[in-house]
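Visitor: Take a look at the letters that make up each chain.
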Amino acid sequence: MVPTSYYLVLSAVLFGLGVVAFVFKRNIITIFMSIELMLNAVNLAFVAFSRALGQLQGQVFVFFVIVVAAAEAAVGLAIIIVIARNRGTLDVERVDSLKH
Amino acid sequence: MTPQIAVFLVLAAMAVAGAVNLILQRHPIHSALSLIVVMVALAGLYLLQGAEFIAAVQIIVYGGAIMVLFVFVIMLLNAGEEERTNLSRMARYVGVPLGVVFLLEVAYWIGRATSHMAQSSPQAVSTRELSTLLFREYVFPFELTSFLILIAILGALVLARREDSD
Amino acid sequence: MNEFAAQHSILIVVLPKVVVLLFVLLTALAYLTWFERKVVAHIQSRWGPYRVGPHGLLQPLADGLKFLFKEDVTPAGADKFTYFLAPFLSLSLAITSIAVIPFGPKDFTVFGQSTPLAITNLNIGLLILFAITSMGVYGVALAGWSSNSKYSLLGGLRSSAQMISYELTLTMSVVGVILMAGTFNLSDIVQAQQGFYLGFLPRWNLIGAPFPQVIGFFLFFTAAVAETNRAPFDLVEAEQELVGGFHTEYASFKFAMFFMAEYSSMITVSCLATILFFGGWLSPFPQTGIWTWTHYIPSAVFAIAGVALIIHGVRYLTILGRVVLPVLGLVLCALAVLFAMPGVPDFVQGPFWFLLKIAIFIFVYVWLRGTLPRFRYDRLMTFGWKVLLPLSILNVVITSLAIVLAQK
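Chains as they are written, first to last, in the working numbering: chain A, 471 to 570; chain B, 685 to 850; chain C, 1064 to 1471.
Treat the hints loosely; a few may be bogus.
Below, a sample of chain C positions facing chain B; criterion: calculated Cβ distance under 7 Å [unchecked claim]:
| no. | residue |
| --- | --- |
| 1 | Phe1193 |
| 2 | Ala1194 |
| 3 | Val1200 |
| 4 | Leu1217 |
| 5 | Leu1242 |
| 6 | Val1429 |
| 7 | Trp1430 |
| 8 | Gly1433 |
| 9 | Leu1435 |
Rather than coming from a laboratory, the hints here were simulated on the basis of the structure.
The C-beta atom is built at its ideal place from N, Cα and C for all residues, glycine as well.
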């Protein structure tokens, strides 16, 4: 039997790594991927809690999160394609025309 | 050490290694591959907790659809490697260690605060139970998500269409 | 021994099953290439492989040796890790998916351990299969990208778009079957198709109540052909326009691995079509009354094939053929005798019908390749999104409506 706290610790670590990736990476696509990593970490916590409490609601919520993530990926990647087409770069540091 | 814990440790190590590799790799495709490793490991962890349906959906939707879309876009845009940027000396010697310490501390406290929570017996949750709940109690949110997906499709179409084409 | 087996059931039961299945599958893959070349050749009025062994039976071996000894070139500028990863990913995923396929109804006993005629019997077998299939895109996409060649990249891009599009139809088309069976378990789906209409018409999902899944089947098979990148949907490797598609830059055994993956997924898809729509291992004849003689069909088929092979073999052109073919015929006859032994027909029935149905599907695959021209890429996408997908959704709606009405 694996204690629930193990799953939660893992979830926290993965979420933290997702934040780190979000802050450190320069490529828009990779930044977007780190958001997916964070969502995944949260899902893990949901399933672990659902198991610990003996309730299925947690898993239903994971289902919804996955659906939303799919919708988000579709729109987000479309935005990325538009950015790449208009600016010719994927580096977030160079997509800063509002500043100038 | 029970077999479950051994499996958990292997999968957890896989997930963390994948996440770290996502940060370390500079080419988006390699980052995407690392993320896929994380997702497959998480699907394994869901199976370990008896969440069969969620595990399958995790691989089908995340692994088979969302990440394929990422890889596809990376290939389409021919994204190259990221430029390496130098961390300032302050960030390298103070920021990174502090961040790691903070992360471990958060993990530690979460682990401690929840250590009393027992894991109920590992029996598989049947898809039937899950779908009954989904279609009885949560049918309204469920219908809303289909609406959301429709909007997402439209949004993606409008965004990605070339404006000059007619 | 029995105690040891009870404690280490994985070692004694599962591992041998995996080894045997792998051996059978890999041999089948090799001979599938021979089968395809022979059938396509005859469709085009040629002889096909004839030189290596009698009727070219040793051709797969020769091909395998050739692949092994070819120089393995890695293109300049290739992304090494991904370039190596792609064929392994393709092949291992394609082979893994066969693990959840049940080959027969009967559990058999090894050292006191009862075990099903499948590597594993999962509650979510169908979902796992789709999960593995959906991961298969990476092998092709990554191979195309990592080769650092424009033809490969185009092939890879085409394939990922095509596979994502047709996966939707593939999944939607089986929802009708799932609704009728009420389970994701492949064994249970087959069990749900037992019984006969009017005493002789099998209750398979293809023609089953409350709504026959004929549309579902054709959608499934079309999408499956596209998903496995076979003609007429083989734009991924379209030799005439893309040189060779995603595997242009691959040589030697890595190239062979892509081919094995393609054939392996052909087998998986045929298994799935059989299980979902054609009653899996169920015999097309009733088991009782005046139909009892059908128990001996496997035996009869093997006997006839064996005798025919012997008669043909003794008059064969080469000495080797005159030895090999009659021996093969004798083996078939021996199997026929074995299958007729008391008690054996019951056990053999399931696997026999299952493999026969799979063989028919594989033949249809090759037949399609031999006769149909390739789709144009934009037509392929239009067809997938504007024809197949709406039809599959319509199928789901009508099936669920029919089920609700039938319950009242």
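Visitor: Could you work out which of the previously given hints the structure breaks and list their numbers from low to high?
Guide: 4, 5, 6, 7, 8 and 9
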